[in-house]
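Single-letter residue listing:
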Amino acid sequence: MEELVRSLMAKIKTLNETLWEQRAREPNVNEWLDNFAISDTNPPDERVHALFLLSNFMYFGSIQIRELLKALYRDLYRYPIMEGIRRANHDTLDSAVIGPSFEAERRATRFLGAGNPSESGCHLLYYFRQENALSKDLFIHTHEIFTRVGGLGALQLRYPNVTRYIFIDDFCGSGEQGVSYLRDLVEDIRRLKPKVFIGYYVLFATTSGISRIRNETAVNAATAIYELDSTFKCFSVESRYFQAPVPTGIDRVFCRQMCDRYGRTMVDAPHVLGFEDSELLVGFHHNTPDNTLPIIWFDGAAGPPWKPIFRRYPKIEW
Amino acid sequence: MKDAAQNPFNITKAVDFSDQEIHDYWVDMPTGDSFSSMAKPTSPMPMLIVGGKGSGKTHLMRYFSYPLQRIRHGRDLLEGIRRDGYIGIYLRCGGLNSARFRGKGQPDEKWDDVFAYYMELWLSQLVLGTALDAVGEMPEVLSREPNIVRDLLSLVDLREHTSPKSLWDLNLLLRGLQKELDVAVNNSGMTGKLPVHITVTRGDLIFGIPKVFAANLSPFRDCLFLYLLDEFENLSEVQQRYIQTLIRERQNPCSFKIGARTYGIRTLKTYSADEENKEGSEFEVLPLDTILRANDRYQEFAKRLVAKRLAEFNRVPSNVETLNSMAQSLDKHFEEFEKSPFGRSETAFVTDKYVGRDRPYFKTLRQNLEKGLDADAARGLSVPDEIEKAIALLRCPEFPLLEKVNIFIFYREWSKCHNLQKAAKEIADDCRAFLAGTLKHGRYQTVLEYFRADLLAQLLRETDQRQRYVGLTTFVEISSGFPRNLLIILKHIFAWATFNGEFPFRGTPISIRSQQAGVLEASEWFYRDSRMIGRQGQHVMDGINRLGTLFRGIRFSEKPSECSCCTFSSDLSRCTDVARRVVDLADKWSLLINVGGQRDRNTERVDAKYQLNPMLAPRWDLAIYRRGVLALTPEEIDAAFNPEHAGKFDEFAEKRIARMAAPFFGHARRPLGGLPPERTQSLFADGDYD
Amino acid sequence: MIDYTLMYKGELPVEGDWPPAVRWDVFVSAYTSAERVQRVFRKAAAESRHWLVFPEYGFTPEKCPAGAFASESRDEAEYVRSFWDNSIGDIAGRTVGIDITGFIRPYLIFMLRWLAQRGVRRFDALYTEPVIYAKREQTQFSDDVVVEVRQIAGFEGTHSPDTSNDCLIIGAGYDHQLIAQVAEHKQFSRKIQIFGLPSLRADMYQENVLQAYRAEEAVGRHTADESNSYFAPANDPFVTANTLRQIVTRIDALRPITNLYLSPVATKPQVLGFALYYLTERLNTATSLIFPFCEAYNPETTKGLSRIWKYTVELPPV
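Chains as they are written, first to last, in our numbering: chain A, 1 to 318; chain B, 1 to 690; chain C, 1 to 318.
Looking at chain A on its own, in the form it has when it is part of the complex (with noise of 0.2 Å):
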């Protein structure tokens, strides 16, 4: 077991080092793991096992995120506009002929953070207008998507030219703030003008929050660049942390009773594993989603003292 413990800190060390921006040194993961009961003599071992979860956290910090933000806007918008270009030229390579036709397609385009501007993947826009040194006009407010006719009366476009509506995310979990806050949005637009092209492009989705998506709103593409299936769900029999070889002493049913029995403490049914149950591992730089086990990010503001590894940035409903 000591040496198990050992190999579980020598990863942390590790990952602290390179990965996860130093959030993680022995004093802070020491301070979370006395959150957790000692064992008196037999195993298993609630702090272990707190240990094991804890060396399978997924962080994205501040470079990777930049870097996806890259990627999101460069294989998931670019490159179907640039193929349609190529396709529609006689494949060709020019770039004398595919600069301007890009462009004109880009100026026709609006990216729009989904959700309320306060929210994270608002927050995101920023860095990912930076990252891709997009121009300022292109991003707009929801509230900008449309204007009164004369000011008060039916509702138009506000820009009739946009060809295409882009609504980023950071991620997508169970689809249910995705959906509310697309649905009408996206049949208000679609009325206005049917063959406008909206996309919800999202860097971590669920594969069934993505589904959702695609399933309940009239988007004409919701794609994420990492889709986390049921594996990534902790205690699931699929799951990829529990896959075999798994060490000696660690054991997936003990582990998941013991997420429930404190997650109870910390957030109402059905929520207890992360939200909706997700049984999440992952964080990232700006934000630890709640559909990560709340053991990792509580922070005793509202319930037990605990003190998280990896805190989040709740969102406050007014």
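The reader is advised that the hints may include incorrect statements.
[Stated by the list, open to error] Chain A regions said to be covered by chain B (calculated; three or more residues, Cβ under 8 Å):
| hint | stretch |
| --- | --- |
| 1 | 11-18 |
| 2 | 25-38 |
[Claimed, not checked] If you want the ones that stay clear, here's a sample from chain B, every Cβ over 10 Å from chain C, calculated:
| hint | residue |
| --- | --- |
| 3 | V185 |
| 4 | R443 |
| 5 | T446 |
| 6 | S511 |
[Said to hold, decoys possible] One-sided excerpt, in silico: chain C residues whose CB lies under 10 Å from chain B:
| hint | residue |
| --- | --- |
| 7 | E72 |
| 8 | E76 |
| 9 | A77 |
| 10 | R81 |
| 11 | R150 |
| 12 | H159 |
| 13 | Q181 |
| 14 | R214 |
| 15 | A218 |
| 16 | E281 |
| 17 | N284 |
Since the hints were made in silico from the structure, they are not lab data.
In this text, a Cβ means the ideal position worked out from N, Cα and C, and glycines have one as well.
Using the hints provided, position chains B and C relative to the given structure of chain A.
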């Protein structure tokens, strides 16, 4: 996220240093032989600078190279070179990418010629470029240039190429010829053809350019043109043969220093009438890490290296005096175990952990005695009560270390089939007298002196503690003449200390646990890094693993036959060829360190002695300091290092360790029970303590 | 200056038929035990289909598919030349498709040179992914015994004796031994690692960094600071090629590179990108592709087929 940049030991390879950094971080030996006197840059006699990874070989060679001369001498460059007496032309053999000079459907002889020609073009570009950089602006050059160019061109078969008018143009011509050759070689893989026109006779430019420069330009008049060929191991055997030929056919004013890893010298043969170069006549050898290891100022040198590193990192100026005082005060940055009489505070963990409980070594002893009693193999004890009495005599609760000494001697007596009651009583008397300071020097002191480290190690193991590799002096010792290994250990320790929330080198000493974690990680790195290129790597690692396991078995047995067992000796001439080769490889790759024995350069070793590289010690919880030497038979060496004999190894090892294990100590048991007669002198040597 | 990211790429359906336009005159694949390699071979529509059997996989003749090309030669030039002369012959006017999934990298790399030399200006490369990668961060692809590090035939360059600003760019995969060996071989060079981000799965980037950390002593650290962090998608040869160009331009601008060494020891699509960049921009310069050659490779017994990528590579005239 800038953590890595904040670790002062982060750059540990010479090759990651810029020229300026080599200059800034340079540390020489404290007194006596400086590196200059060792490397003899002005000696015309060629030299092989040989060393394992991390011995500082490249560092040393670069120090003598022209770019470093330029930094050292600044504005007085030419005067500086004149005073130096040499100009260093540095070449990395790896840059030739010479693996491509083979196969591709061409005969070997053709490749020999191609390689020789390629070297000629390569080296001449280097020497020409270097010389021009040094003197290019001089008026003397401009006036003598036509002569020089003419003399040099007489050595080159220009054919259709335009005659260069200046030295710069000549250099460009050489570059062009090299490129032509490159293209021809590279395409031959696809075309199956290799059209080559050799424009220079081998050696003509390599020796000719320096000659012409020396004859025509005053700064080079008495200057040695020193070709520093590094990474020699990157050349194949035939390619090395060519270089050996150059060495043999060396002409003034040139000389060579060849930098090679210990495993990297593939041949000493030449193309000069198939003669072989001999140490002492055609070249001398500087075995760098061996020399460092043997140098009694190595500890001091190493600590100055560390001090220099910290000074540069903290941008603190350092001259020789400040460096010395910094070096001397480094130890205090590392937490160590308190020294106390009879190891009382060092073994406090035992007294603390086992309050009111039987200590583990007594538990084991009791079990052994019970077994011995049952098998009638415990002379002098006939009933269980007597076991307790004997044990009670061996106790000395305040000093667990002395208890271990007592038990050790007791096991020794047992292995000699002595009367155990008597033995226990004598030991108890000795122990009392020793504590009182009245014991005359004898076996008690000897055991404590020689086996202290082992007994402490056993205590640690028996109580589930980590072994102790702690303190800067220990780390220097572990590095064994390889400065880079020291820096790597410190790098890992620094990283662990930072991770653990400490502030290394800024006040409070680095904790013991950070040191231990760092050493362990460095040791793991070393083990991993020692994988070599090629299949033989596996055989070597297997052999090392067997050896390590054996040493560990001995160290933690009841009655270790050798103290601080990490060294073995054997008459290798009686082993199989394969085993000998594998041992030799392990030596060349510095997994084993040759520490003595009679060595005759021109014949086979007779009795070799090797220590397991201390960097590997933490892997098997072994000692760092060399003391006892385990004499292995040729069969045992074969079993350890020859894969065909490996099946026998476990048996050999078990047999050896059985001799150290209670209750039988390897004695054959009689059919009707009982022991062989009491012996006054054990059949089994108790090891020779170096 | 060509924009590699304009080249066509996309996915082919895993289940169901491929579009009828997706067919070739000549289809080549490298035989392994992986289910997906065999499935794609069966699905591929071509006039002639060819299996290549590489000696490093250790397949006995009974285990090889009928009609497969096998040779004991481990010289990539000899092997490819021999295969081509025996089985393909004149390629003028014929279309080529290659499943790169099972290829051992040096053979693949040389194949590209060979195709370019034969006047092939465009071909399709397929790359497939399994459902799960065995053993996550412990996955071993080579047997770790590196026989030698050397240049790949056809990618040898004309190097300079001035080695004062040599640069080695490594496409860093999981096999840290390979990374360390390459880095050791070109000790005296500035070393840059390109990591796969976006990675093939969300957790693979972090695992990749963890593995590569074990080579840190030889190669330095990827995430030490922003100016050293380079990324290219694990599944995109074209962005990889673009990224290489960006890196080289950037370093060259600070101080001219004396010798450039490229070593792709990561995913096959990245390998493709490295080779493409070299052929398009670095032929006949002081640049080589170098590689740590192993004696044996694990012929992979992964199950399932989750994605099929198709890349249309446009080769330059050489």
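Structure-based check of all given hints:
1. 11-18: holds (count 3)
2. 25-38: holds (count 3)
3. V185: violated (7 Å)
4. R443: It holds; R443/B is separated from chain C by about 46 Å at its closest Cβ, greater than 10 Å.
5. T446: Non-interface label stands for T446/B: nearest chain C Cβ at 42 Å, farther than 10 Å.
6. S511: Holds, because the least Cβ-Cβ distance between S511/B and chain C comes to about 23 Å, which exceeds 10 Å.
7. E72: violated (14 Å)
8. E76: holds (9 Å)
9. A77: holds (4 Å)
10. R81: Because about 7 Å separates R81/C from the closest Cβ in chain B, which is inside the 10 Å limit, the hint holds.
11. R150: holds (4 Å)
12. H159: holds (6 Å)
13. Q181: holds (7 Å)
14. R214: holds (7 Å)
15. A218: Holds - the Cβ of A218/C comes within 10 Å of chain B, reaching about 8 Å at its closest.
16. E281: violated (17 Å)
17. N284: Constraint on N284/C satisfied, holds at 7 Å.
The structure does not agree with the numbered hints 3, 7 and 16 stated previously, though it agrees with the rest.
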